[in-house]
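Asker: So the protein lines, in turn, are chains G and W. Residues 1 to 347 in the numbering used here are what the first sequence lists, from first letter to last. Residues 348 to 620 in the numbering used here are what the second sequence lists, from first letter to last.
Errors might be hidden in some of the hints.
Distance condition first, Cα-Cα at most 20 Å in a straight line; then the derived SDA-like pairs of lysine to any residue [claimed, not checked]:
no.: 1; chain 1: G; residue 1: Lys-150; chain 2: W; residue 2: Ala-492
no.: 2; chain 1: W; residue 1: Lys-597; chain 2: G; residue 2: Gly-255
no.: 3; chain 1: W; residue 1: Lys-465; chain 2: W; residue 2: Asn-422
Computed beta-carbon distance windows for the label pairs [what the hints assert, rightly or not]:
no.: 4; chain 1: G; residue 1: Thr-102; chain 2: W; residue 2: Asp-495; range: 20 to 30 Å
no.: 5; chain 1: W; residue 1: Asp-495; chain 2: G; residue 2: Lys-150; range: 17 to 27 Å
no.: 6; chain 1: W; residue 1: Tyr-433; chain 2: G; residue 2: Leu-298; range: 50 to 60 Å
no.: 7; chain 1: W; residue 1: Gly-449; chain 2: G; residue 2: Pro-42; range: 41 to 51 Å
no.: 8; chain 1: W; residue 1: Gly-517; chain 2: G; residue 2: Pro-243; range: 29 to 39 Å
no.: 9; chain 1: W; residue 1: Pro-516; chain 2: G; residue 2: Gly-168; range: 26 to 36 Å
no.: 10; chain 1: W; residue 1: Glu-432; chain 2: G; residue 2: Glu-336; range: 49 to 59 Å
no.: 11; chain 1: G; residue 1: Ala-323; chain 2: W; residue 2: Ser-486; range: 48 to 58 Å
no.: 12; chain 1: G; residue 1: Gln-99; chain 2: W; residue 2: Asn-520; range: 32 to 42 Å
no.: 13; chain 1: G; residue 1: Leu-245; chain 2: W; residue 2: Asn-520; range: 28 to 38 Å
no.: 14; chain 1: G; residue 1: Ser-285; chain 2: W; residue 2: Asp-439; range: 52 to 62 Å
no.: 15; chain 1: W; residue 1: Asp-495; chain 2: G; residue 2: Gly-168; range: 28 to 38 Å
no.: 16; chain 1: W; residue 1: Thr-546; chain 2: G; residue 2: Leu-44; range: 44 to 54 Å
Which chain G residues stay away from chain W? Per the calculated CB distances, all over 12 Å, these [said to hold, decoys possible]:
no.: 17; residue: Lys-60
no.: 18; residue: Ser-123
no.: 19; residue: Pro-137
no.: 20; residue: Glu-156
no.: 21; residue: Gln-217
no.: 22; residue: Arg-250
no.: 23; residue: Asp-280
no.: 24; residue: Gly-296
Note that these hints are calculated values from the structure, not bench results. By construction, the Cβ of each residue, glycine as well, lies at the ideal position given by its N, Cα and C atoms.
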Amino acid sequence: MPRLLYTAIAIVLLLPLTSCSEDSEYVPVNEAMELDIPSNFPPLAQEVAVTKKGFELGRKLFYDGRLSADGTVSCSFCHEQGYAFTHHGHQFSHGINNQEGTRNAPPVQNMAFQSEYFYDGASNSLEMLSIVPIHNPAEMAETLEGIADKLKADSEYTRLFSQAFEDGQVSSGNILKALGQFMAMMVSANSKYDKHVRNEPGGSLTQQELQGLQLFQGKCASCHATDLFTDSSFRNNGLPPNPFLNDKGREIVTGFASDRYKFKVPSLRNIEKTAPYMHDGRFGSLESVLNFYSSGVLSSETLDPLLDHNGVLGIPLDTNEKAAIIAFLKTLTDEEFLNNPLFYFRT
Amino acid sequence: MKFQLKNTAAVLAATALFMSCSSDDSTSVNPESHGDVEVYFDNGVGGDALTLGTSYTNSNGESLTINRLNYIVSNFVLIKADGSEYVYPKDDSYFVISAEAGMLTAHLENIPAGDYKKVRFGIGVDQQRYLQGETAQQSFWDLAAAHDMTWTWSTGYRFINFEGTFTAPGLNNGLIFQVHQGSNTATDNYREVTLDLPTTARVREGEVPSVHVKTNANVILDGQQKIKLSDNLNQAGTGAAVMGGENLIKIAGNTLNMFSVDHVHNGGSGHHE
Numbered sequence: 001m002p003r004l005l006y007t008a009i010a011i012v013l014l015l016p017l018t019s020c021s022e023d024s025e026y027v028p029v030n031e032a033m034e035l036d037i038p039s040n041f042p043p044l045a046q047e048v049a050v051t052k053k054g055f056e057l058g059r060k061l062f063y064d065g066r067l068s069a070d071g072t073v074s075c076s077f078c079h080e081q082g083y084a085f086t087h088h089g090h091q092f093s094h095g096i097n098n099q100e101g102t103r104n105a106p107p108v109q110n111m112a113f114q115s116e117y118f119y120d121g122a123s124n125s126l127e128m129l130s131i132v133p134i135h136n137p138a139e140m141a142e143t144l145e146g147i148a149d150k151l152k153a154d155s156e157y158t159r160l161f162s163q164a165f166e167d168g169q170v171s172s173g174n175i176l177k178a179l180g181q182f183m184a185m186m187v188s189a190n191s192k193y194d195k196h197v198r199n200e201p202g203g204s205l206t207q208q209e210l211q212g213l214q215l216f217q218g219k220c221a222s223c224h225a226t227d228l229f230t231d232s233s234f235r236n237n238g239l240p241p242n243p244f245l246n247d248k249g250r251e252i253v254t255g256f257a258s259d260r261y262k263f264k265v266p267s268l269r270n271i272e273k274t275a276p277y278m279h280d281g282r283f284g285s286l287e288s289v290l291n292f293y294s295s296g297v298l299s300s301e302t303l304d305p306l307l308d309h310n311g312v313l314g315i316p317l318d319t320n321e322k323a324a325i326i327a328f329l330k331t332l333t334d335e336e337f338l339n340n341p342l343f344y345f346r347t
Numbered sequence: 348m349k350f351q352l353k354n355t356a357a358v359l360a361a362t363a364l365f366m367s368c369s370s371d372d373s374t375s376v377n378p379e380s381h382g383d384v385e386v387y388f389d390n391g392v393g394g395d396a397l398t399l400g401t402s403y404t405n406s407n408g409e410s411l412t413i414n415r416l417n418y419i420v421s422n423f424v425l426i427k428a429d430g431s432e433y434v435y436p437k438d439d440s441y442f443v444i445s446a447e448a449g450m451l452t453a454h455l456e457n458i459p460a461g462d463y464k465k466v467r468f469g470i471g472v473d474q475q476r477y478l479q480g481e482t483a484q485q486s487f488w489d490l491a492a493a494h495d496m497t498w499t500w501s502t503g504y505r506f507i508n509f510e511g512t513f514t515a516p517g518l519n520n521g522l523i524f525q526v527h528q529g530s531n532t533a534t535d536n537y538r539e540v541t542l543d544l545p546t547t548a549r550v551r552e553g554e555v556p557s558v559h560v561k562t563n564a565n566v567i568l569d570g571q572q573k574i575k576l577s578d579n580l581n582q583a584g585t586g587a588a589v590m591g592g593e594n595l596i597k598i599a600g601n602t603l604n605m606f607s608v609d610h611v612h613n614g615g616s617g618h619h620e
C-alpha cells in the first residue's frame, strides 16, 4: 500500500517534468566509445574514457581555427590527416601572423599508448598536452579561458558541450577533455606490417621488405621498440645541433645538462608520409635519414651509447641494406588511418 | 530609544540561544555534526612580515625585493590526537595563496566535529592529480592561470611563483629574479608537510577555528639548501631564473621547512577562551 502511494506521488511529480521535456529539445544518449587495442600493441599508457559526444566535440574543436588568437590556426592546420596528422612539406610548425616555430610538427597517432608527448616531453598527459600548442606564442597564441569565452557565445558549442559532459559546461577542462577523447581514438594499426605480424590477409611482405624487417630488428628496434616503434625515451641521436636554433631538447623541460640535445624517439608509423624528418625537419627523405645514421652521427657528451661502438659512431649500413630498410618502413603506411572518415570533420 | 531597546533584546535572545547551543557542543561532541576550518597563511620572510616591494637580505649575501609570492597548497588532512585522519575531499582540496591578490586562506568546509591536533597539506599539485588530466582540475586551471600559476610551455602548475628584483655583490642593481617551482615529466617536486597545532583546533557546528600558519618565504632559496640567484643568471646577464633541474629538487626540500603553525583561534565568534 505505501509503495503504491509512493508510485502515485512519483507519477504526479514526474508529470510536469515529462511535459516540459516534450516541449524542449530531444537529448540523445551519450554512449561510450570503445577503444579497440590492437593485439600486437603494448597496453594503454593513458586512462581513456571516451564518449561519442565527447569524441565528436573534440573532432570539431581540432578543426576549429577559433582555438587560436586570431581565428586562423586550428590544430589541423599543422596536423593534416593525409600525412598522419603532420604539417606536410613544412620544416617547422607555422602559427598565427605567419610565424614559424622551431620544431617539426609530430604526427598525432596512437596517442593513448604513449607516456610522453612532444620532442622534449613537455607533457605526459593526453588530456593536458593541448595546452602547449594553444599557448605557444608562435603557434596558436591563445589561452584556454579565452577559447572558452569565445565558444560560450556560440549556441552550437554550448549545445554540444552540454551533450558531451555531465556538468555541461563550456570550460577549460572540458575543452581539453574533448580534444583528448578525439586523439585517444586515433589509432593506426592496419598497415601491411600489422597484417603481416597478425597473420591477416594482405600482410605478405616482399623479399626485400622481409630483409628490411630483419635489418630493422637488428639495428633500429632497440630504440624504435615494440609495434609502436618507439620506446618513449629521450635520446641524443648525434644530430649536429643547428647553431641558429641551438635547441637543447629534453633539457628545456628537465633543466638537467645530462638531457642536452636529447629528443623523444619518434614512432615510425606512417613514416613514408611524414617528411620532413627529425625534430627540426632537416631531412627531406628517408634516404637522407639513413645516410645520417650511417655516416653523419656527431659525438658529444650526451650521445646515446647505442650509437657509439668503441669510437665507431652511428649504424653501419650499406646501400642495399638502406634500400631494404626503407622498403620495410613503407610497409608501416596505414591507408585506413590516413583516410578514415572518423577523423575528418564535416560540418 | 524604544527601537534600540527592542533590538538589544533581540540580540540578547539570539546570543543566549547560540551560546546554549555551542556550550552543549563543547561538552560533548556530536559526531554527526560538522563545522568549517580556516587555514590562514601569514606570509613572512625569515621572521619579518612580508611586504611586497620591500627588500630582505638573506644568508647568501643577496638582497631580494619581493614583488610576488604565490603558491599552491593542496590535499588537506586534519589529524586528531589519536592519529585518526580526516582527508578533505580531493576535488575541493586545491588552493592558490597569493600575497598580491590578498588570497591568504584555505577555507575547508563540512569537517566532522572533533578536536584536531595536526594538519597535513601539500605544496603544489601531486602527480596523481595531474595525471588525471584537466578533467579532474576543471576550474582550478582557470584559477591558477589567473594568478600566474600555470606552465604552458610544459604542461603543469607552478607550485610557487616567487618573483622580484635582487642585488648581489659585484652585480648591477635591480636585476629581475623569477623562481618558478613545479614538477616536470622528469622530477616530481610535490611535497607534503605535517604540522603540529600548538593548541587543538576545535571543530564544532557554527564555529570556524582558524589555523594560523606562518609562511617563511626566505627558505625557498635560503633553507637547508642554498641557491644563489647570482649563480643562475641568464645568458644576457639581465636577470636570474630558477625554473628547472637540480634547483627544483633543492627548493622542494627547502619547502618542507617553509610552514609552521603559530597558533589556532578557536570559536569563530570569539566567545570561547
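Asker: For every hint, state whether the structure bears it out.
Answerer: Here's how the hints hold up against the structure:
Between G/Lys-150 and W/Ala-492 the CA atoms are separated by roughly 17 Å; this keeps the pair inside 20 Å, and the hint holds. For the suggested pair W/Lys-597 and G/Gly-255, the alpha carbons sit about 13 Å apart, so the restraint of at most 20 Å is met. For the suggested pair W/Lys-465 and W/Asn-422, the alpha carbons sit about 14 Å apart, so the restraint of at most 20 Å is met. Taking 20 to 30 Å as the suggested C-beta distance range, the pair G/Thr-102 and W/Asp-495 conforms, at roughly 24 Å.
Under the hint 17 to 27 Å, the C-beta atoms of W/Asp-495 and G/Lys-150, about 22 Å apart, fit the expected range. The given range of 50 to 60 Å is respected by W/Tyr-433 and G/Leu-298, whose C-beta atoms sit roughly 58 Å from each other. Checked against the given bound of 41 to 51 Å, the beta carbons of W/Gly-449 and G/Pro-42, roughly 50 Å apart, stay inside it. Roughly 31 Å separates the CB atoms of W/Gly-517 and G/Pro-243, a value that falls within the hinted 29 to 39 Å.
A hinted range of 26 to 36 Å for the beta carbons of W/Pro-516 and G/Gly-168 is inconsistent with their spacing of about 59 Å. Taken as a hint, the range 49 to 59 Å holds for the pair W/Glu-432 and G/Glu-336, whose Cβ atoms sit roughly 52 Å apart. Taking the beta carbon of each, G/Ala-323 and W/Ser-486 are about 56 Å apart, inside 48 to 58 Å as hinted. Taking 32 to 42 Å as the suggested C-beta distance range, the pair G/Gln-99 and W/Asn-520 conforms, at roughly 35 Å.
Under the hint 28 to 38 Å, the C-beta atoms of G/Leu-245 and W/Asn-520, about 34 Å apart, fit the expected range. For the pair G/Ser-285 and W/Asp-439, the supplied restraint of 52 to 62 Å holds, since their beta-carbon distance comes to about 55 Å. For W/Asp-495 and G/Gly-168, the hinted distance range of 28 to 38 Å is satisfied, since their beta carbons lie about 29 Å from each other. Here the CB-CB span from W/Thr-546 to G/Leu-44 is close to 50 Å, well matched to the stated 44 to 54 Å.
The non-interface label for G/Lys-60 is consistent with chain W: the shortest C-beta to C-beta separation is roughly 18 Å, beyond 12 Å. Not every CB of chain W is more than 12 Å from the CB of G/Ser-123 (nearest about 4 Å), against its label as outside the interface. At roughly 10 Å from the closest C-beta of chain W, the C-beta of G/Pro-137 falls inside 12 Å, breaking its exclusion from the interface. With 12 Å as the threshold on Cβ separation, the claim that G/Glu-156 sits away from chain W holds: the shortest Cβ distance comes to roughly 22 Å.
Consistency note on G/Gln-217: stated as away from chain W, and its beta-carbon is indeed over 12 Å from all of that chain's, at 29 Å minimum. With a minimum CB-CB distance of about 8 Å to chain W, G/Arg-250 fails to clear the 12 Å threshold, and the non-interface call is violated. With 12 Å as the threshold on Cβ separation, the claim that G/Asp-280 sits away from chain W holds: the shortest Cβ distance comes to roughly 17 Å. No beta-carbon of chain W comes within 12 Å of the beta-carbon of G/Gly-296; the shortest separation is about 28 Å.
In the structure shown, a violation is registered for the earlier hints numbered 9, 18, 19 and 22, in ascending order.
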